[in-house]
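Protein chains in written order, with numbering that gives the first Met the number 0: chain B, 0 to 334; chain D, 0 to 275.
Just so you know, these hints were derived from the structure itself, not from any lab. Where hints are given, some of them may not hold.
Claimed, not checked - A few chain B positions that, by computed beta-carbon distances, are all more than 12 Å from chain D:
1. Ser44
2. Asp47
3. Val154
4. Val198
5. Leu229
6. Thr268
7. Tyr324
Unchecked claim - If we take Cβ atoms under 7 Å as the criterion, some of the chain B residues that face chain D in the derived model are:
8. Val157
9. Leu161
10. Val275
11. Val294
Each residue gets a CB set at the ideal place from its N, CA and C atoms; glycine is no exception.
Read off the chains here:
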Amino acid sequence: MIVRQVLSRLLQALPTLVGVAVLVFVLVRVVPGDPIAMMIAPGASPDDIARLRGLYGLDRSIPEQFAIWAGRALAGDFGTSISLRQSVMSLVLARLPSTLELAVFATVIAIALGTALAVFGVRHRGRLGEAATDAATGFALSVPDFIWALLLMLVFGVLAPLLPISGRLDPSVDPGFVTRFYLVEALLRGRVAVAGDLVAHLLLPALALALPLAAMIGRVLKSSLAEEMLQDYVMLARVKGFSRWRIILGEALRNAAIPAVSLTGVQFTFLVGGTVLIEKIFSFPGIGNLAIDAVINRDLPLIQGLILVFALMFIVINLGLDLVYAALNPRLRHG
Amino acid sequence: MVRAGMFRLLANWRVALGGFVVLVFVVAALGAGWFSPADPLEQDLMLQLEAPSAQHLLGTDSLGRDILSRLIHGARVALAVALVAGILTALLGTALGLAAGYLGGWPDMLISRAVDIWSSFPPVLLSVILVALLGTGLHSVIVAIVVIDWTRFARVMRAETLKQRHMDYVDAAVVGGLKPGAILLREILPNVLPLFVVLLTLEMGIAVIVEAILSFVGLSLSSDVPTWGGMIAEGRQVIYQAPWIIALPMAALLALVLGLNLLGDGLKAELDPVLR
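Taking the hints into account, I'd like the entire structure generated from these sequences.
Right under this line is the structure:
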């Protein structure tokens with residue numbers, strides 16, 4: 000059942016992906032700006048320029064270029080980056096795992112922090128604790144993640160130099176790992192020191208991504224949790240003598256979670272998009288950083304490949320979310 | 000009447016404080032040439048990364064340029080983008096929102112569907128892609144903001160227009176024989192204007208941030224025009240030697256954005272009869 004659902008959703012996503020590919024391909028080629036002019040040395044002869052143009056296939060018509068590109072893309076070859084002179088596929092595969100680790104780590108922080116805020120606010124309802132959580136969420140929301148990133152960097156990286164502010168791993172450490180999912184692999188291999196260094200590098204960028212989301216989760220979860228606390232079963236549990244903590248954590252939280260889960264789902268896409276900027280700020284070697292450099296260098300093959308990767312990621316994320324909703328809410332299961 | 004209304008608005012502390020902060024920046028930007036103690040582009044390589052002193056009130060950057068003057072000139076770019084991009088976004092979004100809400104039927108379906116699809120893209124990524132396509136520069140930044148953010152206005156304005164359309168005064172105008180266009184412009188538009196002002200203020204805060212982000216990553220103006228985002232990027236390079244160089248433009252950016260948000264929130268509370 001689930002397998003068929005996944006397959007049909009993937010098939011539905013295919014036209015979207017093709018549409019994105021065509022659109023990007025055409026747009027990138029009709030706008031002004033010559034990528035060849037960016038890469039040649041000044042004083043190159045017209046012959047050299049023509050030869051380069053031929054090498055990258057830029058001397059043919061746009062439909063012809065697209066046919067060649069699409070044929071190769073299906074075979075997994077997305078061309079060669081003009082600025083980095085490496086295959087787009089290998090560049091993306093080398094950088095994607097670090098972005099995924101960052102995004103997932105940030106989401107975990109956001110969920111933990113948001114839940115803690117909501118539970119704390121409900122537990123201290125009508126007292127100073129609730130006012131303090133409301134003020135904290137309000138403030139976290141009114142400061143954009145760009146500023147959060149810079150503030151965190153300045154406070155915890157420079158004024159109180161506790162954490163590193165750039166890169167993914169200390170350059171002197173060579174983990175010699177097989178995969179690029181460094182954190183996952185370090186944990187699996189039990190390399191505690193390497194894992195610690197990776198987490199230290201992840202902490203500030205992940206926190207910058209997580210804070211606004213944590214505030215949103217906290218706000219939504221708190222209001223649904225407060226509503227849940229008025230239900231009969233909570234009253235019954237209290238009459239039976241369960242402690243408040245036990246009622247909130249053991250009973251009410253699960254029932255109150257659905258609105259917060261769907262909010263997290265929608266916001267996760269935005270968080271992945273936000274990595275573009277955060278990676279740039281923290282010089283974090285992910286695909287977001289790669290994308291900005293590609294844009295600055297007008298590196299057409301790389302830009303195209305990256306946009307497709309982002310599109311594919313969003314499709315997969317949305318598919319995963321639908322499955323999570325179905326698992327949480329039985330009414331959606333046979334929709 | 001108008002004067003009494005102004006006083007009532009200013010009695011709201013959010014409006015007063017937010018308005019004051021924004022006003023300070025507007026005055027600084029308008030009189031940039033007059034307030035700046037030095038030429039924001041003049042380099043003095045003998046005085047790099049100077050701490051604040053009597054000669055340079057906020058110190059100098061890595062090329063020995065006066066930071067206070069660069070901040071004041073940076074406010075110009077920030078406010079210009081906020082104003083132009085904000086107003087263009089507001090006009091486009093409001094026009095589409097009014098049309099969708101008032102006409103209903105297929106125009107509504109088309110516009111609402113576009114809003115849904117549009118707002119499912121992550122804005123930062125979309126703006127980087129747009130600037131990649133349009134080329135760097137201030138006009139691309141403005142186009143990117145308008146193209147991305149019109150949905151905010153369209154969504155809210157559509158909902159508000161739908162609500163207004165079913166009110167008695169609109170029925171009265173229809174019975175009175177007014178044409179749809181006239182009803183929209185003369186009857187409904189004045190009633191959604193307060194909401195327009197609130198959204199515009201909040202949008203200006205967003206535009207300031209987007210411009211700062213794009214100039215930070217090097218996709219906005221060229222480096223010979225002082226921008227807060229560009230100053231933040233330069234400060235990032237020397238963050239360990241001279242942390243105040245990154246802190247000052249950050250503080251300016253944060254103050255202006257919080258000021259605009261405060262003003263917008265205060266106006267919302269004052270202008271929305273339900274909230275008041």
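Task: Cut-off 7 Å, beta-carbon criterion: hint that Val294 (chain B) touches chain D - done: 4 Å, holds
TODO: Say whether it holds or is violated: Val154 (chain B) keeps its Cβ farther than 12 Å from all Cβ of chain D.
DONE: 10 Å, violated
- [ ] Please settle this one: Leu229 (chain B) was flagged as non-interface, so is its CB more than 12 Å from every CB on chain D?
- [x] 25 Å, holds
Task: Assertion that Val198 (chain B) lies farther than 12 Å from chain D (Cβ) - done: Holds, because the least Cβ-Cβ distance between Val198 (chain B) and chain D comes to about 22 Å, which exceeds 12 Å.
Task: Non-interface claim for Thr268 (chain B), where every Cβ of chain D lies beyond 12 Å - done: At roughly 6 Å from the nearest Cβ of chain D, Thr268 (chain B) sits no farther out than 12 Å, so the non-interface label is violated.
Task: Leu161 (chain B) as an interface hint toward chain D, with CB separation required under 7 Å - done: 14 Å, violated
Task: Given as non-interface: Ser44 (chain B), partner chain D, CB spacing beyond 12 Å - done: 27 Å, holds
- [ ] Mind verifying the non-interface call on Tyr324 (chain B)? Its CB should be farther than 12 Å from each CB in chain D.
- [x] 16 Å, holds
- [ ] Please verify that hint: Val275 (chain B), Cβ, nearest Cβ of chain D, below 7 Å or not.
- [x] Given a least distance of 5 Å, the restraint on Val275 (chain B) holds.
- [ ] Classify the label on Asp47 (chain B) as holds or violated, using whether its beta-carbon is more than 12 Å from each beta-carbon of chain D.
- [x] 25 Å, holds
Open item on the list: A closest beta-carbon separation below 7 Å is what the hint needs, so does Val157 (chain B) meet it against chain D?
Closed with: Since chain D brings a Cβ to about 5 Å from Val157 (chain B), closer than 7 Å, the hint holds.
Violated hints for the displayed structure, listed by number in ascending order: 3, 6, 9.
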